[in-house]
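A.B. asks: Using my numbering, read the sequence shown as starting at 1 and increasing by one per residue.
Honestly, the hints are just simulated from the structure, not real lab data. None of these values were measured; they are calculated from a predicted model. You may find that some hints are simply not true.
In the SDA-like style, the derived pairs of lysine to any residue whose C-alpha atoms are separated by at most 25 Å in a straight line are [to be verified]:
no.: 1; residue 1: LYS176; residue 2: GLU153
no.: 2; residue 1: LYS143; residue 2: ALA31
no.: 3; residue 1: LYS143; residue 2: ALA109
no.: 4; residue 1: LYS104; residue 2: ILE190
no.: 5; residue 1: LYS176; residue 2: ILE122
no.: 6; residue 1: LYS64; residue 2: ALA31
no.: 7; residue 1: LYS74; residue 2: GLU43
Label pairs and their computed distance ranges (CB to CB) [said to hold, decoys possible]:
no.: 8; residue 1: SER37; residue 2: SER90; range: 23 to 29 Å
no.: 9; residue 1: GLN151; residue 2: PRO38; range: 18 to 24 Å
no.: 10; residue 1: LEU178; residue 2: ALA94; range: 32 to 38 Å
no.: 11; residue 1: SER189; residue 2: GLY60; range: 34 to 40 Å
no.: 12; residue 1: GLU175; residue 2: HIS91; range: 31 to 37 Å
no.: 13; residue 1: SER138; residue 2: LYS160; range: 29 to 35 Å
Backbone N, C-alpha and C define an ideal beta-carbon position, used for all residues, glycine too.
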Amino acid sequence: MNERIIRALSDEQTITVYQAYRRDIAETAVAAQTFISPPFKKERMTWIKPSFLWMMYRSGWATKEHQEHILAVKIKRSGFEWALENACLSHFEAGIHTSHEDWKEKLSASPVRVQWDPEKDIFLNALAYRSIQIGLSSIAVDKYCEDWIVQIEDITEYSKSIHQLIKAHKVDEAEKLLPKEQIYALPDSIALNVKSS
1 MNERIIRALS DEQTITVYQA YRRDIAETAV AAQTFISPPF KKERMTWIKP
51 SFLWMMYRSG WATKEHQEHI LAVKIKRSGF EWALENACLS HFEAGIHTSH
101 EDWKEKLSAS PVRVQWDPEK DIFLNALAYR SIQIGLSSIA VDKYCEDWIV
151 QIEDITEYSK SIHQLIKAHK VDEAEKLLPK EQIYALPDSI ALNVKSS
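Generate the whole structure from the sequences, applying the supplied hints.
C.D. replies: And the structure:
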């Protein structure tokens, strides 16, 4: 389970990432088409995920506390790739970092963290490859809110409709509604930095 692949909804200019928030943050973000502080807290690391099903796993299909609203955030590809170019893996990796000390220094200096977790199927079971999670902090959060965001859409009801089909054993119908995520190819230097396959 070591294959690391970014799959996402994307076009020539944008990529869609997902976040889950409580109602006031979500409604404010949709109204302003960016994240407004308050209620959004820019001083905290905020995690974005290109995988819809991983977001459903993390939020329990929008049922977990403070994760009741699912947002699809369309951002510039240039911003997404800047984040990965300036990221540090959340765990030490031989071949990327020369030593644990080197990794710790890079981690503390980086505005972006990356971790790879098992991707999920429609039943939220682990698959044989990993999906990227991207944590933004400090300057990366500012860039995200002020420059990268192209569109924010609340897709909570859409997400719940898929979950209802699954619970009704209408899996084929549910799968047809899933976002058509495709492999997102990274420039070699960025792929190496985040240890993408």
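A.B. asks: Starting from the hint list further up, note which numbers the structure goes against and sort them upward.
C.D. replies: Going through the list in order, the structure violates no hint and respects every one.
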